[in-house]
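Q: Single-letter residue listing:
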Amino acid sequence: MSGALDTVDLIVIAAYLVGVVGLGLWQGRKVKTAADFFLAGKTLPFWAVGMSIVVSDIGATDFIAVAGGTYRYGLAQANFDWLGSMPALLICAFLFVPFYWRSGVLTIPEFLGRRYGGAVRTFLAVCWGFILLFNLGIMIHATAVLLRGVLGWEPALSIWVTAVVVGLYTISGGLTAVVMTDVLQLVIMFLGGGVLVFTALQRVGGWSAMKEAILAQGPAYSDHFSLYLPHDSPTPFPWSGVVLGLGIVLSTAYYSGNQSVAQRALGARSEWDAKAGVLLAGGLKLFIPLLVALPGLAAILLVPGLENGDDAVPSLIGILLPAGLRGLMFAAFLAALMSSVDSNLNSATTLWTHDIVGRLLAACKRPIPERFVLRVGRTTSFLLLVFGALLAPEIEERFTNIYNAIQSVFSLIQGPTLAILLLGLLWPRANRHGALAGLLVGVGFCVLLNTEAMAGLFPSEEPFLFIAWWSFVLSLTVTAIVSWLTPPEPAEKLLGLTWGSVAGDPRAQAALEARARRAEEDEE
Amino acid sequence: MSALRQFLEAFFGPLDQLLGSLPLMTGRVAVALLLLVPLVWVLRLDREFILLGSPDRARWRDLRLWAVLVTLPYLAIYLFL
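Line order of the protein sequences matches chains A and B. Residue 466 in my numbering sits at position 466 of the first sequence, with consecutive numbering throughout. Residue 33 in my numbering sits at position 33 of the second sequence, with consecutive numbering throughout.
Just chain A, same shape as in the assembly:
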């Protein structure tokens, strides 16, 4: 942000920080058990679920990098929020959420473990555990970059201030604190982002005048208002990649196979609230490109010739917003970033505590009291935050583009996870051998396609959309073939874990509840 902050801006930012931390700590007083900490005691109303899903998804990746991408490539960048949300949220609400909600699980690896056995659960838990930790480092790094840019703080100071502020309410308040602060953060984000969009559009003479002026700048801008770019476009968003990689695989995998989304649905007070919350998120996501992509377009006219598109929004804030509103915009940035850090931390904590540390403790065959689980959760949360903060400077050295770093990491595991999730729910013949083979081959294929030796295999300069699609297809094929060649799972084991049995069979529901009770007893 090139404009310096005035005293009034600092007051706005301080009020925001005190408000968020205060709200988080106040929510934290309700946490008495592990269920309160990890699933908000299953009390979340649909509006909190929906708002939290949206704000958790918006962070470093959006306000700065999406506007930067729009500045460089045009409106096609908005596909990540539009086609990246629908139809995935419909499928998530009506296909996946009922399974997660009724089966009484805490994490997605746990659900897949019930369907496919312990090896799949362990593999996915370890993969997701490290991906979430890596993602946490990226988020903390992004927040630190912002603090350094605006306040001129040293990188190390910025990183540890972020970690302490987020850690205060996330470790004490668990999911309730995270979701309720997310609600406040979404409001701040819409307010701050809305002010910038309104001011920028006013300055360029409205949408039509802006479109006309940008298109008049020459052939380099002729595709800037198109959501569909040619297949051989060197940008990261050719239409084929957007449809296959984003619309079918990455978006569905993100909303249906991502711990932070599933956990909010699992914390809902009823199955209806869980489904309604996911649909509400779909409605709110409609507005996100208006907040994060439109400023990128306006910046083409207001701050032309930027070498790095990621400087577009900070430059706009410097020239457009007066004192006070700059503080509000900075608070909106912080809200977007902090909500991603806290959500990621909470999900990583749940996964590490439940699927890794908890299972190691259970292997010792000693009874684990409820209060001890809560203490393990908080300790894990603290340790993950420290590791994430230590990882953040490393990320700065290795990645120049934060957004693509996140996409690359996610694309390694999302295609294969979606393949075995879909087959597991929709095809009773899929079994543990097929799922494990599909996962291993799919992830291995992703890693292979990301190596230097495979560079240039796809037309796009950043081919993560194609990699996600082909790893999904390969995992699907391998899972199906190996499942056919190996013995099927016993029918009674599948009761309540496949679509045909969960959509309305009372016996399936009884089996699910019995299985959830058994799992709880085993853990106790």
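Honestly, the hints are just simulated from the structure, not real lab data. For every residue, glycine included, the Cβ atom is placed at its ideal position computed from N, Cα and C.
Quick list of simulated restraints, FRET-style, between CB atoms:
#	chain 1	residue 1	chain 2	residue 2	range
1	B	Leu75	A	Arg29	42 to 48 angstroms
2	A	Lys32	B	Asp56	29 to 35 angstroms
3	A	Leu25	B	Val68	36 to 42 angstroms
4	A	Leu440	B	Leu79	39 to 45 angstroms
According to the in silico footprint, chain A covers these stretches of chain B (three or more CB under 8 angstroms from chain A):
#	region
5	1-13
6	16-26
7	29-41
8	48-60
9	66-79
Stretch by stretch, here's where chain B covers chain A in the computed footprint (C-beta under 8 angstroms, at least three residues):
#	region
10	89-95
11	455-466
Guided by the hints, dock chain B onto chain A, whose structure is given.
A: The following block gives chain B in isolation, referenced to the frame of chain A:
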């Protein structure tokens, strides 16, 4: 590694050419189908399944209605923008 790359090029090359030869309109049709097919599936779901866990049977709680309201603006954006 180079043999593997050659194999993958032989596999992806023709697909790449095929996708490159399709008009941009194909993308518009594909996105419209991506949005419409799941919506039609949701509309065909049983009302009891949709309302499970709902505290009452009020009309506004029918999530199939929500699905239509949420999906239509996306469809409009991808068909007309």
